[in-house]
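**Q** Read off the chains here:
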Amino acid sequence: MDAFINGFISLGDPQLLLVLLVSTLGGVVIGALPGLNATNGAALLLPFTLSMEAIPAIASLVAIYCSATFAGAITAILINTPGTPASATTCLDGYPLAQRGEAGRALGLAVVSSTIGGVLSVICLMIAAPLLARMAYQFTPPEYFALTLFGMSMLASIGEGSPLKNLISGTFGVFLALVGVDMLTSVERFTFGSHDLYDGIGFVPVMIGIFGISELIVQASSLDKRKERVSMKAVQLPTRDDYRQVWKTILRSSGIGIFIGILPAEGATVASMIGYNEAKRWSKTPEQFGKGAIEGIAGSEAANNAATGGAMVPTLALGIPGSATAAVILAGLMVHGIRPGPSMFTEQANFAYTIFWSMMLVNLLFLVVGLTGAKIFARITLIPTQVLWPCVFMVSIVGAYALDQSMFDVWIVLISGIIGFFMRRYGFSVVPLAIGLILGEMLEQRLGQSMVMLDEKWWLMFTRPLALLFFCLTIAALFGPVLWTKYLVRVFK
Amino acid sequence: MKRGIQPADFPQLILILMLVLTVAMIWLDPIIVDKRLDSKTVGSLVLFGVFGGLTFIDLFLALGTVAALLAMFWGERRWHAVVGIGLMMPALIFLLFDQVFEIRFPRGVLTNLWYG
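Line order of the protein sequences matches chains A and B. Heads up, the final residue of the first sequence is numbered 496 in the numbering used here, and it's a clean run with no missing numbers. Heads up, the final residue of the second sequence is numbered 298 in the numbering used here, and it's a clean run with no missing numbers.
If you are wondering where the hints come from, they were derived from the structure by calculation, not from laboratory data. C-beta atoms are modelled at their ideal positions from N, C-alpha and C, and glycine is treated no differently. Incorrect hints may have been included.
What the hints assert, rightly or not - Chain B side only, calculated, beta carbon under 7 angstroms to chain A, not exhaustive:
(1) A253
(2) I267
(3) I275
What the hints assert, rightly or not - Computed footprint of chain B on chain A, listed as stretches where at least three residues anywhere in the stretch have a Cβ under 8 angstroms from a Cβ of chain B:
(4) 77-86
(5) 290-302
As the list claims (entries may be wrong) - Some chain A residues close to chain B (C-beta under 7 angstroms, calculated; not the full set):
(6) L21
(7) S165
(8) L170
(9) A223
(10) S225
(11) K287
So that you can see chain B by itself, here it is in the shape it has in the complex (with noise of 0.2 angstroms):
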């Protein structure tokens, strides 16, 4: 015999209740968007997709190329600041990650290059 809730029936009381309330927010306080997306935001959410295809390579090339891109493509021109953004940090937080935290990172085309 069933006893208490069951496990699909919070979720579904959740569900109507989400159902309910956006019926109310449709009729009583609409979404409004006044302007578009600008090419800054979009370029951001671009460069998140490349950071997703490259972890497939390696998740510190993928994270070193898309911050260097993301600080350049947000206005960043100094050379030296732009090496620190794509190289040293990244490196600075894989040792830190990998020294002092004991994190072992996926394997890739640049982690092999430390864990042999």
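Extracted from the complex, chain A is given alone in its bound form (with noise of 0.2 angstroms):
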């Protein structure tokens, strides 16, 4: 109780403050930017934060995080574009409105939609991560194990890729994971006598370089695409009737965005897609869908926000990503060193609460930013993508550089981001290298102590309750994604 309180009082710090103030609008302003979303903007912006102390560094990429994810919206409703792919379903019904001259009905309802699935996630955060950490200081390392692995195991259903390749991704994010000294026995793997490599594969970088880099050549693809956007007076709050309209969307979406965020490896897309579907199936005028219909905006929007928070819980409470920005985050919490994870709610606590206070202000700040900015950042949304592009890209290599003052991870930065590119041209997700990128290093030793543990018996996990039920709920998520296929399409024929 009293971390809870303490981190409470921390946001008085006028320092955090202007950090989370500076950071929230940086993230809508990333949002709003077609090509750059809350995973890649994080990535792009976690050099500048090594500089800081750990609070404000994490605090800021949070920030970004619930504030870029929020302002997907605004291109998704101004220009038929979603900002993140979190807002694609957003668009669906945004813009339909915009072009009836709604355009302000439509934001002010993705504000407040967001707004409240977002503070509700938060809540849920703050209730389930201390809860959940408790319960893993009963794991041991094979439940551990077990329980990375399933992390792993979810990684078959992210992303724009098929399974299989969403898994090979994965995997090969785990291979470039053991690269460097081995750190029990000193024995160096696959750095061909390279020194750069004795450390290993920074990720920070391969993340700066399969998120940004690889965007800047698909922008590269589309410079043809011409955006004409919706012109727009003002935002407008939504009406006693809109709300009686859409509470129980938001309310739903929420959950369902709690929910589908909590789950390792799952984020706000997935989120997005079954909260409007959720939204139309329960609506009682579903043939409005698609045509401005003000429930498929907040069961969308309230969705992606929701699985902000509910992406955060199994990040901190036992350092496995929610989500592709909560790795990033992940990332910078390593940087920083801190390993998240049961210890942080006893050790750390202050810390954690610091954080999930600072998630809850900046859902509140991001409602006054987009009530009275987004007419501003709307104007954003049309800088060139010829004169945005090459300073992300300077960005990106000095922001690199600046980790370790090594060229070195420059030339990762760009390797990765010509793999990442063709990665995603032949159909792979880039999401789960970089998940397996962060989980692969935790995976191995695990194992290991296991065995120990276990005295090489591997089979003995098996016998274990808790290890068997993740390993039971591994084998589900394999094989879920296929029935999750069939149940897309045809929900979206």
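Two chains, each in its own frame: build the complex with the hints.
**A** Below, the structure written as structure tokens:
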């Protein structure tokens, strides 16, 4: 309870407040720019946080996560281009509503739904994360190994790639995590005699490459697309009738978003798709969906923002990223020497609760920013791609160099960017690669500890109830995507 | 006596898993590419190569040149925008990282002018 109150009091720190305000504004700008999203935005800005203390650094990353996820709705509604993948379903009803001259109403509804979804998810995070962490105290290495394996298996269902390709991508990430000197035996692995590879491949340059540089190359092929912005007078708060129509949708989608977010590796994109679909399924006027139904906007936006808090639950309590952006935040935690997991809620409880309260404040901040500044941020959507992305390129390169002041990291950014582009081109999502890279070391470490603990008898892991449960969930996660794909095909047919 | 997994065990396991998954992918879900890389993408990749080469002369010379070329190659024709991208942005980024974050950049033709 002390940590809960101390975390709230920490928000009184002017420096932290300034960081949160600037990061929220930055996150809204990132989310409003087509092509940039919470994940690549957080990856690009991660090097800037290195000179900060851990609390403002991680608070700024979570601020970008929350506000960029919301801001994707601005472009979705005004130019029919989702600023983030999680806002793709917002386009379906937001843009038709804007075309009817109700852009302000659509944006107002998106802001309010996002805020409610976000706030509810942070409340859930504050309750669920410490409980989950307490439960995880019972875990021994076999349980952790099984849990990490479960987290890895969830990779099958994320991203735009097929389940099989996602698994290959994730396994490749694990493989990259093994490069460098083995910590226990000091044996070099895949270093090819290079001193730069002794410490392994840094996950921050890889993330900047696969999320930032690969997107730059993708943007090169979409330069001919013309952006036409729908004009907007001012953002309008939803009317009482609007609230009456959407409050159930907002609550339902928030619940869906939180649940989807908590699942390891699932994120806001999946949440918004399900939130939108469920809004349509429960609506009294489903035929209005796709033509400007306000329930569609509320369903999608409440779900994608609720997923942000949900995704932070496994990230902070177990050290298993709940989404792609959570993976970047996890990388940020590691860079600052903080190991997420059960001990975080005992040894660094103040830190954890300050982050929770920061997330809460950010969700309220972007309500203000969204309502008052959406018209200004809407102009950002018209920054030409040929001006924006060369600047992103420079920031990516210098940011990567700044990590260790090493040109080797610059090469990693470029190489991983090119690899990431070709992966995406050939149908492989890069998100599993990032998560695999983060979890790889943990997976090996916990397997090794389990083998020692069980005296080399690996099959004994299956005799432990919790580990067995996670193994069963792993199998379900591996075969679930096939059923999930069939479900999506049926729904969006 | 060996105890626990050895340094080579886990990487071997992962490589075998990758091999199995790749064979399964070839059989169940082969890669299909329906169109060739367009000229803008190929050109951008070539510019990355140019960047790699120019970094040996100076990192910021490489950044400014390639960013300006990239903007022009992507269709930017306004000279003030190109100058902004090629000169102003690298200078601002350099000053930000040098003065605020105290990052020391590798010496080169341009950075030597600053470092002396």
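**Q** Now tell me if each hint is right for this structure.
**A** Verification of the hints:
no.: 1; hint: A253; verdict: 5 angstroms, holds
no.: 2; hint: I267; verdict: 5 angstroms, holds
no.: 3; hint: I275; verdict: 5 angstroms, holds
no.: 4; hint: 77-86; verdict: violated (count 0)
no.: 5; hint: 290-302; verdict: violated (count 0)
no.: 6; hint: L21; verdict: 15 angstroms, violated
no.: 7; hint: S165; verdict: 5 angstroms, holds
no.: 8; hint: L170; verdict: 6 angstroms, holds
no.: 9; hint: A223; verdict: 4 angstroms, holds
no.: 10; hint: S225; verdict: 9 angstroms, violated
no.: 11; hint: K287; verdict: 40 angstroms, violated
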